[in-house]
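> Under the working numbering, the residues of the sequence shown are numbered 198 to 509, in order.
In short, the hints are calculated from the structure, not lab data. Remember, it's a predicted structure, so these values are computed and weren't measured experimentally. All C-beta atoms, glycine included, are put in the ideal place defined by N, C-alpha and C. There may be inaccurate statements among the hints.
Unchecked claim - Computed Cβ-Cβ distance ranges for the label pairs, DEER-style:
hint	residue 1	residue 2	range
1	SER396	ALA222	19 to 29 Å
2	ARG210	ARG269	18 to 28 Å
3	ASP229	GLU432	42 to 52 Å
4	PHE380	SER430	49 to 59 Å
5	VAL452	GLY369	41 to 51 Å
6	GLU468	ALA225	30 to 40 Å
7	LYS458	ASP201	35 to 45 Å
8	GLY264	ARG203	42 to 52 Å
9	LYS458	GLU228	31 to 41 Å
10	GLY212	HIS467	12 to 22 Å
11	GLY264	ARG210	32 to 42 Å
12	ASP266	GLU208	11 to 21 Å
13	VAL427	HIS240	43 to 53 Å
14	ARG269	PRO418	38 to 48 Å
Stated by the list, open to error - In the DMTMM-like style, the derived pairs of lysine to aspartate or glutamate whose C-alpha atoms are separated by at most 20 Å in a straight line are:
hint	residue 1	residue 2
15	LYS442	GLU468
16	LYS304	ASP274
17	LYS458	GLU468
18	LYS323	ASP297
19	LYS323	ASP266
20	LYS385	GLU453
21	LYS458	GLU425
22	LYS368	ASP381
23	LYS415	ASP365
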Amino acid sequence: MDWDLRHTLREPRDGETTLVIHTGAFPAEGEDCDATFIRRAYHLGWKRFICYGYRGQRFCGCGLSKGSDGVRIDVYDSPGDYLASGIDGLEMVVHGNGQDQIGQIIKSGKLVIYGDVGQTFMYGAKGGEVYVMGNAAGRPLINAVGSPKVVINGTCLDYLAESFMAGDPLKGGGFVVLNGIRFDAIGKIVNQDTPYPGSNLFSLASGGAIYVRDPFKKVVPDQLNGGELVGLSPEDWRLILPFLKENERLFGISVENDLLKVNGEARPYHEVYRKVQAVPLDVLSKAPVSLEEWGEDWKDEVGADRFQVDLN
């Protein structure tokens, strides 16, 4: 299916399972864009999509609404901004790099990126399971709430998970795993110079956690703004291990042979990973009006039971 054949779109017949779409001639956005075309096809009964030929078209995967579980979209070439934003159940696999604003306000579903992602990745995300083979640019997961589970195998520039409000990760809340690795010229997995080069890591966060692969203790408290570095507990490791195993299945990054080896030697998880967790913030006690506007739901979002905050 392509731009010229778009008017022939119909429901799947006789065991047809996959709709292949060449997106190159579709406009970047608007009523006639490929994202709208995919939505139309979904409502006709299509659930498996292979989309290729992208030249910056935006919003792929948007608009399928709640209940899109079982839908899978494979994306090739050069998709544009806002890909997978607002998805609620579907699975999307990007076979290359993504652009800016990917995965904003995700509610549920799965997103796999075989490359890097751009600015403000997963802004305001509420859930979902996301795996990035490479790096994220600046300001990923700002204002995320709920229970997003994210593995970034590379690093990111700055402001990772600023104002993160994802509850207690050990009680179903959200978290980010930052592995700080890369593939060299021959495909060997090596450490980046530092797992996190920027500032404002977990800045002003009130919930959630970041699990950083940092065997050489290169991340320092001065890079934080309101969080604290602590060791991993057995409960933390049991929480993130299934996601690292799925990460291994997707990208071939072995937990035992890559992530838990340091200079060729096997190390226990608590010598390799560190946890950045939220601490009580004075700013919360200074904003009773804004918190009241949230109603009772804010307590679940930020894990308020962990803090002694006077709202009166």
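> Are the hints correct? Go through all of them and say.
Cross-check of the supplied hints:
1. SER396 x ALA222: 19 to 29 Å: violated, 43 Å
2. ARG210 x ARG269: 18 to 28 Å: Given range 18 to 28 Å: holds, Cβ gap about 20 Å.
3. ASP229 x GLU432: 42 to 52 Å: holds, 50 Å
4. PHE380 x SER430: 49 to 59 Å: With a Cβ separation near 31 Å, PHE380 and SER430 fall outside 49 to 59 Å, so the hint is violated.
5. VAL452 x GLY369: 41 to 51 Å: violated, 23 Å
6. GLU468 x ALA225: 30 to 40 Å: violated, 48 Å
7. LYS458 x ASP201: 35 to 45 Å: violated, 52 Å
8. GLY264 x ARG203: 42 to 52 Å: Given range 42 to 52 Å: violated, Cβ gap about 25 Å.
9. LYS458 x GLU228: 31 to 41 Å: Hint violated: Cβ distance 52 Å, outside 31 to 41 Å.
10. GLY212 x HIS467: 12 to 22 Å: violated, 51 Å
11. GLY264 x ARG210: 32 to 42 Å: Check failed, 23 Å falls outside 32 to 42 Å.
12. ASP266 x GLU208: 11 to 21 Å: With a Cβ separation near 19 Å, ASP266 and GLU208 satisfy 11 to 21 Å, so the hint holds.
13. VAL427 x HIS240: 43 to 53 Å: For VAL427 and HIS240 the Cβ distance comes to about 48 Å; the hint holds.
14. ARG269 x PRO418: 38 to 48 Å: holds, 42 Å
15. LYS442 x GLU468: holds, 19 Å
16. LYS304 x ASP274: Since the Cα atoms of LYS304 and ASP274 sit roughly 26 Å apart, the hinted pair is violated (cutoff 20 Å).
17. LYS458 x GLU468: Holds, at roughly 10 Å.
18. LYS323 x ASP297: OK: LYS323 and ASP297 at ~18 Å, within 20 Å.
19. LYS323 x ASP266: holds, 16 Å
20. LYS385 x GLU453: holds, 15 Å
21. LYS458 x GLU425: Status violated; Cα separation ~25 Å.
22. LYS368 x ASP381: violated, 37 Å
23. LYS415 x ASP365: Violated, because 25 Å separates the two Cα atoms, which is more than 20 Å.
Hint compliance for this structure: hints 1, 4, 5, 6, 7, 8, 9, 10, 11, 16, 21, 22 and 23 are not met, and every other hint is.
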